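Q: Listed here are the chains, written in short residue letters.
Number of protein chains: 2
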Amino acid sequence: MVDVEVMERNITRMAAAAGTGGFALRPHAKAHKCLEIADRQIGAGAVGLTVATVAEAEVFARGGATDLFIAYPLWVDDGKARRLRRLAETAVLRVGADSVEGVQRLGRAVRGAARPVEVVVEVDSGHHRTGVLPADAAAVGKAAADAGFDVAGVFTFPGHGYGCDPHARENAAREEELALGEAVEALKAVGLSARVVSGGSTPTAGRWRPGAVNELRPGVYVFNDATQLAIGTCTSTDLALYAIATVVSVPATGRFVLDVGSKVLGSDRSPWVTGHGYLPAFPGASLTSLSEHHATVVLPEGMKAPSLGTVVAVVPNHVCAPVNLVDELVIVQGDQVVDRWAVAARGANT
Amino acid sequence: MVDVEVMERNITRMAAAAGTGGFALRPHAKAHKCLEIADRQIGAGAVGLTVATVAEAEVFARGGATDLFIAYPLWVDDGKARRLRRLAETAVLRVGADSVEGVQRLGRAVRGAARPVEVVVEVDSGHHRTGVLPADAAAVGKAAADAGFDVAGVFTFPGHGYGCDPHARENAAREEELALGEAVEALKAVGLSARVVSGGSTPTAGRWRPGAVNELRPGVYVFNDATQLAIGTCTSTDLALYAIATVVSVPATGRFVLDVGSKVLGSDRSPWVTGHGYLPAFPGASLTSLSEHHATVVLPEGMKAPSLGTVVAVVPNHVCAPVNLVDELVIVQGDQVVDRWAVAARGANT
Chain A
0 MVDVEVMERN
10 ITRMAAAAGT
20 GGFALRPHAK
30 AHKCLEIADR
40 QIGAGAVGLT
50 VATVAEAEVF
60 ARGGATDLFI
70 AYPLWVDDGK
80 ARRLRRLAET
90 AVLRVGADSV
100 EGVQRLGRAV
110 RGAARPVEVV
120 VEVDSGHHRT
130 GVLPADAAAV
140 GKAAADAGFD
150 VAGVFTFPGH
160 GYGCDPHARE
170 NAAREEELAL
180 GEAVEALKAV
190 GLSARVVSGG
200 STPTAGRWRP
210 GAVNELRPGV
220 YVFNDATQLA
230 IGTCTSTDLA
240 LYAIATVVSV
250 PATGRFVLDV
260 GSKVLGSDRS
270 PWVTGHGYLP
280 AFPGASLTSL
290 SEHHATVVLP
300 EGMKAPSLGT
310 VVAVVPNHVC
320 APVNLVDELV
330 IVQGDQVVDR
340 WAVAARGANT
Chain B
0 MVDVEVMERN
10 ITRMAAAAGT
20 GGFALRPHAK
30 AHKCLEIADR
40 QIGAGAVGLT
50 VATVAEAEVF
60 ARGGATDLFI
70 AYPLWVDDGK
80 ARRLRRLAET
90 AVLRVGADSV
100 EGVQRLGRAV
110 RGAARPVEVV
120 VEVDSGHHRT
130 GVLPADAAAV
140 GKAAADAGFD
150 VAGVFTFPGH
160 GYGCDPHARE
170 NAAREEELAL
180 GEAVEALKAV
190 GLSARVVSGG
200 STPTAGRWRP
210 GAVNELRPGV
220 YVFNDATQLA
230 IGTCTSTDLA
240 LYAIATVVSV
250 PATGRFVLDV
260 GSKVLGSDRS
270 PWVTGHGYLP
280 AFPGASLTSL
290 SEHHATVVLP
300 EGMKAPSLGT
310 VVAVVPNHVC
320 APVNLVDELV
330 IVQGDQVVDR
340 WAVAARGANT
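Each protein sequence line maps, in turn, to chains A and B. Using numbering that gives the first Met the number 0, the letters of the first sequence correspond one by one to residues 0 to 349. Using numbering that gives the first Met the number 0, the letters of the second sequence correspond one by one to residues 0 to 349.
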């Protein structure tokens, strides 16, 4: 269930913050996978969308998106090559790269595309997932230019910016600036000028010094979740997505079971959350155990368990998982169901 | 990807073990959600299927299943009541119950169904999820009989039988026997005779003393997974389901990144596994970190990282999650893709 008013406020607020900071906003659509939400983000001023896979790009291109960044170091086979060329017929396409071989292969794949494909070099700013060290951006950028690409710039994902300590976010934002800045210099040294300097993420968004970063790619901010609440990047009034569950069992005093589990909420559990989800109606309660269709809630001493059949809203730990588990979102305004939106890119992994 | 020969051997072996032990086999279909696999289980001698939700029951009933056990304490609203009555037109239907109110409500819901619905009382044998204490089976059974149900017996799920210590499985199997036995006696005291005495689960399956349990409901055994491997209920030659991934980044010596993540593997991580999945081709490697589309693998000292583009099979921690994330399974025999099976009950949560 999506509270559409909260969602729209989240969209507007991030767009305004990006505008004030002078950042281009390119939200990551993997967090919602919905055409209706992408339309609202673009309507609020986003310059385009970020996606994680070719299949996600295809869904949003069919939905009308004309500016798509696949923020992933693709390893392109013949099938993906054809799909990328087809995407380039209707959209400005930007693709990530973090290796010389990968970008050379990508170059052969998109040769003759309807529209030149942009490459941005992925830089590791401390998350240690994909991405080259800043100095190595030169080699990848050079290979991309040699392969005929428009080398648009650099990007990073500051996953290490998650944490309860606000300094973690500030430090990660500093590391983003530094790594991206060094990578821009490395590109300059091989004659490439970076017009795109792109950073994360809901926690670090907009925490950069003026001029250091010029694009941001937050995803989760649309809905927020129990992890964002735990690390303090949102308040409970900013939570827009809930799983709606029913009490099916009250096996003991102080304990009850809801008919929602990992097949709806997902099993993501960051180190900062205290359980498997957050229950706004039961402050102090802990969702201690999650099976596929059972959520066991333990209440604080003295709190009465709800009766069988009670409907309870659960905020998931990480919204990207539940969105990808269901076929549609139920859209609610106030007390009314006003629409149902298909999760158009659900399962679009390839 | 499913190795169909391994899967069929797993099915045959469990059916043979059930036959030898004198147990009726009623496999839990939530682990595969595939009509083709249910057909093979029934063909090998299963008496019927176990499911977790009304929606799963509907999918398998449409696929031809005629004997379905919804092993869940349903709280039935008008919509579910209609759906249950429709199911009873084509299938023998058995439903779990663990409360007097729940079973009374269920009774009103299925009044006038085409075929009498069976109730089995859920008993807590130590997992402390749903289920009544054994002695309280009398009250639920009595309420079910008063509501007009055929009270078929009792069931339990021994989720606490998971663990690396083989004693954990043996102890859980003893606790199942004890709890179910006490519940059977409790029913007898109110004039109800239990013909169904139904236990778990892939770890405890068949570990009961003769006569203590007469039905088993394992699910994961069809494919097995990294958790079953870790706790020793299967060997690596019994693993039938793999995610097929490609190396997209080799950011440092001894570390590489695969293009598979939590949106394919799921995020389940039992206490007994060492990472987010098992890589048969890289013994000693650890899948240390999982994002939605990235799996970071750290190699043991001295082991060489595979080159970019290498295809790598990953065994998920818990098969029930990945099966529910994808729309189809690719069926492989030897080196050949021989079929694609729809995950017909994917997302069937309600």
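No wet-lab data here; the hints were simulated from the structure. All of these numbers come straight from a predicted model, not from anything done at the bench. A few of these clues could be false.
Because identical chains cannot be distinguished in the list, a pair is counted as satisfied if it fits within a single copy or across any two copies.
Unchecked claim - Listed below are the simulated SDA-like cross-link pairs for lysine to any residue, each with C-alpha atoms no more than 20 Å apart in a straight line:
#, residue 1, residue 2
1, Lys141, Val249
2, Lys141, Thr236
3, Lys79, Val325
4, Lys187, Ala144
5, Lys187, Gly147
6, Lys303, Val91
7, Lys141, Arg128
8, Lys187, Gly346
9, Lys79, Val329
10, Lys303, Arg173
11, Lys79, Val246
12, Lys303, Gly190
13, Lys187, Asp135
14, Lys79, Glu117
15, Lys79, Gly147
16, Lys141, Cys163
Q: If a hint holds in the structure, say so; if it doesn't, say that too.
A: Evaluated hints:
1. Lys141 / Val249: between (63 Å within a copy, 19 Å between copies)
2. Lys141 / Thr236: neither (47 Å within a copy, 46 Å between copies)
3. Lys79 / Val325: Between copies only: 19 Å across chains, 26 Å inside a chain, cut-off 20 Å.
4. Lys187 / Ala144: within (13 Å within a copy, 81 Å between copies)
5. Lys187 / Gly147: within (17 Å within a copy, 81 Å between copies)
6. Lys303 / Val91: Classified as neither; 56 Å inside a copy, 38 Å across copies.
7. Lys141 / Arg128: Intra 22 Å, inter 58 Å, cutoff 20 Å: neither.
8. Lys187 / Gly346: neither (39 Å within a copy, 49 Å between copies)
9. Lys79 / Val329: Between copies, since 19 Å is at most 20 Å while 33 Å is not.
10. Lys303 / Arg173: neither (47 Å within a copy, 33 Å between copies)
11. Lys79 / Val246: Result: close only across copies, 15 Å inter versus 46 Å intra.
12. Lys303 / Gly190: Close neither inside one copy (68 Å) nor across copies (34 Å); limit 20 Å.
13. Lys187 / Asp135: For Lys187 and Asp135, only the intra-copy Cα distance (12 Å) is at most 20 Å; the inter-copy one is 75 Å.
14. Lys79 / Glu117: Only inside one copy: Lys79 and Glu117 sit 16 Å apart there, 51 Å across copies, limit 20 Å.
15. Lys79 / Gly147: within (18 Å within a copy, 59 Å between copies)
16. Lys141 / Cys163: neither (39 Å within a copy, 51 Å between copies)
Checked against the numbered hints given earlier, this structure breaks hints 2, 6, 7, 8, 10, 12 and 16; the rest are met.
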